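Enquirer: Turn these sequences into a full structure, and let the hints steer you where they fit.
Protein chains: 2
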Amino acid sequence: MLRTHTCGELNMNYVGRDVTLSGWLQRSRDMGGLTFIDLRDRYGITQLVFNMEINPVLCEEARKLGREFVLSASGKVTERSNKNPRMTTGDIEIMVDSLTVLNVSKTPPFTIEDNTDGGEELRMKYRYLDLRRKVNKKNLELRHKMAIETRNYLNLQRFLEIETPYLIKSTPEGARDFVVPSRMNAGQFYALPQSPQTFKQLLMVAGFDRYYQIVRCFRDEDLRADRQPEFTQIDCEMAFVTQEDILNTFEGLAKHLFKSILNFDTEVFPRIPYETAIRLYGSDKPDLRFGMEFMELNEVAKGKGFRMFDDAELVAGINTQGCGEYSRKQLDELTDFVKKPQVGASALIYIRVAPDGSLKSSVDKFYSSEDLAVIALKFNAKPGDLILILAGKCNKTRSALSELRLEMGNRLGLRKPGHYKPLWVIDFPLLEWDEETNRYYAKHHPFTAPVPEDIRMIDQYLSHISDNKPVSTSLSEQNSGQIQVPVDLENVHANAYDLVINGVEIGGGSIRIHNKELQKKMLTVLGFSEEDAANQFGFLMNAFEYGAPPHGGIAFGFDRWTAIFAGADSIRDFIAFPKNNSGRDVMIDSPARIKDEQLKELGIKLVS
Amino acid sequence: MLRTHTCGELNMNYVGRDVTLSGWLQRSRDMGGLTFIDLRDRYGITQLVFNMEINPVLCEEARKLGREFVLSASGKVTERSNKNPRMTTGDIEIMVDSLTVLNVSKTPPFTIEDNTDGGEELRMKYRYLDLRRKVNKKNLELRHKMAIETRNYLNLQRFLEIETPYLIKSTPEGARDFVVPSRMNAGQFYALPQSPQTFKQLLMVAGFDRYYQIVRCFRDEDLRADRQPEFTQIDCEMAFVTQEDILNTFEGLAKHLFKSILNFDTEVFPRIPYETAIRLYGSDKPDLRFGMEFMELNEVAKGKGFRMFDDAELVAGINTQGCGEYSRKQLDELTDFVKKPQVGASALIYIRVAPDGSLKSSVDKFYSSEDLAVIALKFNAKPGDLILILAGKCNKTRSALSELRLEMGNRLGLRKPGHYKPLWVIDFPLLEWDEETNRYYAKHHPFTAPVPEDIRMIDQYLSHISDNKPVSTSLSEQNSGQIQVPVDLENVHANAYDLVINGVEIGGGSIRIHNKELQKKMLTVLGFSEEDAANQFGFLMNAFEYGAPPHGGIAFGFDRWTAIFAGADSIRDFIAFPKNNSGRDVMIDSPARIKDEQLKELGIKLVS
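Residue numbers (this note's numbering), protein chains in the order written: chain A, 10 to 617; chain B, 10 to 617.
Hints may be right or wrong, so weigh each one.
Copies of the same chain look alike in the list, so a pair counts if it works inside one copy or between any two.
[Claimed, not checked] As a list, the in silico SDA-like pairs of lysine to any residue whose alpha-carbon atoms are at most 25 Å apart:
{"id": "1", "residue 1": "K604", "residue 2": "A542"}
{"id": "2", "residue 1": "K405", "residue 2": "E379"}
{"id": "3", "residue 1": "K348", "residue 2": "F273"}
{"id": "4", "residue 1": "K529", "residue 2": "V113"}
{"id": "5", "residue 1": "K143", "residue 2": "I467"}
{"id": "6", "residue 1": "K430", "residue 2": "G366"}
In case anyone wonders, no lab produced these hints; they're calculated from the structure. As the structure is a computational prediction, the values presented were derived from the model and not from experiment.
Expert: Here it is in structure tokens:
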């Protein structure tokens, strides 16, 4: 071992001991008779001292060393005359009597400090230097600890971690797959899993009962700011359970992580139906660190001659307590905010409640004091409050108001770092209708079970379809034929649930279909021809014929959960070697061209 | 929860309790007035009883249920009149008063028993049924436990588990890569990692000190019997260490696994230099559960006119104790064995030591009793022993004799199941010369450090090369030019080591090069042009310029280690969803064709 101790552990108890430390030169100071070097390793920083009088040769040598040189230094632990209470090792220093330069270093392209001078692109290129910064080191340590505690909890609950294959089969439903050409089976391709979904279901069919895996998943999507082509899931599945069992089990996991990692005590997680979440917060992932629920105002706001409200599908607002004194400028800022294309409202209406209780609005022309009082009463508004109202198409208004609510939460400091409000959103719709492709998509995925009482709607829909068209035609053709189907499948509820923390979806799951016939119906609704269904999911539907137990599961975004626990927004800093927004690893310069002989062996060529 | 208890936990303590169990119908017996069903889940089997007198309707229903039906049964725990001491739950049974069929099952294509009637191909296709068999369930449970204990040990030793990317860059050195076409960077490819080698080294440069990861690796090789295109490694790396530190740390890991998983106490692992292993056992992964070391006989066996020995580069043998009475037939079998193409010897010579100490050999024509006595003395042979001798080219003779040694170990029952002899093989050669391609290959990989005292041989070799050819020419061209280089780099020792258990290589590693110049030299020796070296490993060599610490590591084959602990030969049974010898997953039928639009998006087409 090139050291006897680390740079993070020596203190007064060690004074007088001979030690050897190894690490990187963080910083050196030449004080005439003395030279100080801060030596850094994973565990901390310790001060080395070189004395010109005692050992001039060594001291001269030490003066020549540059930043990030790798050193091994031996000497005696000594009490500092000038202690540094902000450092764990600040009471001592090492009087060095021998020094080995284990490696030299060029001057790094940016400083190895929390507040570095390096831009993101540069730091990505030299990721191995970026990772030397304490903040990044802490992020990966947190991630490690999260993984340990996740496994501790699930292992105790008798879950088995089982590895599923990475070389699987492409299923065009959902996001794009990354594919892998097979050399041994020329012209054929594996695909990298978007999740181990079908395999974990097969493990339930196989009787494994409680499965989990901290597992990499892959999606070939155009990357938005905070997406990565490869990401990590805590993937879980249980058999012989109901939704209640799953929520309890994984609320237990979340509570365990909150307690063991953050020492944060959580209360029972609220369970909010999807429709309620949309109605009260305009979002299926509401931040519950603060209230500010939506109030719907159609009844009281319409019919007063104000065109914007009268024409609106929905008039709704929030009450921001204590903002009644907002200046013209602040209100203009808010108006600008809601008009941003990403928010998309056309105007912002406000009602102030003055200290004396009188009401003043931006629509006084249309609304009398009495009218405003009725509205204010709905909000239970108090002197000093500010009511903010949006109106328009229902969905659009809700989503804009949700953005405004979060913005006001930020402005009022209600989204407190270090405070956490986890909740379950339940009763999701099973299907979403897509106007563009004129078909239904699975809101969660094609294996999610509808709630039993809604299955008859699916049956009605399918029987209507088959009455009106030959059975063999695929659904998408039928839809493009503009058949009017009297059953709106968007009303079918799924046995699905999401875990949301502070406005971020951390995980989601569902009770699965475990019956071949129902699975076939679901795939038909999603527009699969019988042939496509058999080709892509035949193995799963076959498995359902051999005694598939009732089962369900959940998957958590591990990168994101870690980021949330660190109070960070971006997952990138919690991944050791992330890719940039073009899916490139700029450090290793990948993806890259491969040799012609590799292409030839794989039986593929580039389209130039 | 569709059960109150599992099928593995009920015993006399529960008698009188009302319980609900869920599981699969393993077997049912109709005994007239009573019907018995063995209900199976992950945890065990419990007997259900249906009584024709008490509840004829339910009993009739139970009689109709087939194998592998999924049931939920409620009733009272009752003491059995006819106890089964071989079952954990054999003291009790459940008097069922209500029964739900959770799912039906077609008759499985093979029996769900340890001794199944299903052939391998069929079981692979229905892997989800194959995994229901107890033997497979136990294998995956063992794997889970191995992973837990591996992490427990390494976490305590302050290792951090850090995830490295799966979408990396193709490096044609070594085995073939699986590649992944990039849609966003058309014409370019990612590669799946054969191991996280360069990334773990970069983590050491980043200062993480102690890294591990239980990680999937990929190799596009023509699959031999016991290879898989994707396999799992316990991948580890440490900084500021010497070989001694690494051997101690991971001997600790191995001891921990032996103790915690098998309750097997191991002694200090012997460390055997590569050359010694080859000389004494003809193998760099000797099975040390038994001795039977090779004895080299050139001195005593040559010069007696026996052509086979006289012409041989090596005459060597083993003494098989207690086989002196082998019959003609048994000796013929051994001769047939050594002549098999996979063993490759031309003949087998023997010397028997009779009970009276007299010697009888198959070469009595050439060797007098005195000659034979000299040989027998070398072996310290005793009455009843049988000396077996092979001769020929040195390497070939050693490898054939190694096979014979293992065969004799098997015949004599010396390779005891449940007994383990781990050892380190050290001092491997750094390079191997390949006659076919006329170049050196890295025995371990290009990042392995030579032992410091042998670096001068590399310098001599390179200076000889550059004296004889323009420096810019690549090495492979120089070699094809048939330059005679006076330095044989096969004598260079690597700072590398393997962990071997019972004749199987479980893991291997090395101290790495951490100096850019030495890494460049190594790549030159391996025939990399400067351009190729920069293109493929530039990021690593750049990293070495910014303060790379001394470091080294090891990787263990996790599938294989688990198999060894289960006393099994094949890794396939320890992988939940393995591929067959053509790299196919026959269950999901992958690899498969992908859609033309996918190919188009990726900018590739098939060569037809």
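Enquirer: If a hint holds in the structure, say so; if it doesn't, say that too.
Expert: Do the hints match the structure? See the list:
1. K604 - A542: Classified as between; 15 Å across copies, 37 Å inside a copy.
2. K405 - E379: Classified as neither; 29 Å inside a copy, 104 Å across copies.
3. K348 - F273: neither (38 Å within a copy, 70 Å between copies)
4. K529 - V113: Only across copies: K529 and V113 sit 17 Å apart there, 65 Å inside one copy, limit 25 Å.
5. K143 - I467: neither (55 Å within a copy, 39 Å between copies)
6. K430 - G366: neither (33 Å within a copy, 87 Å between copies)
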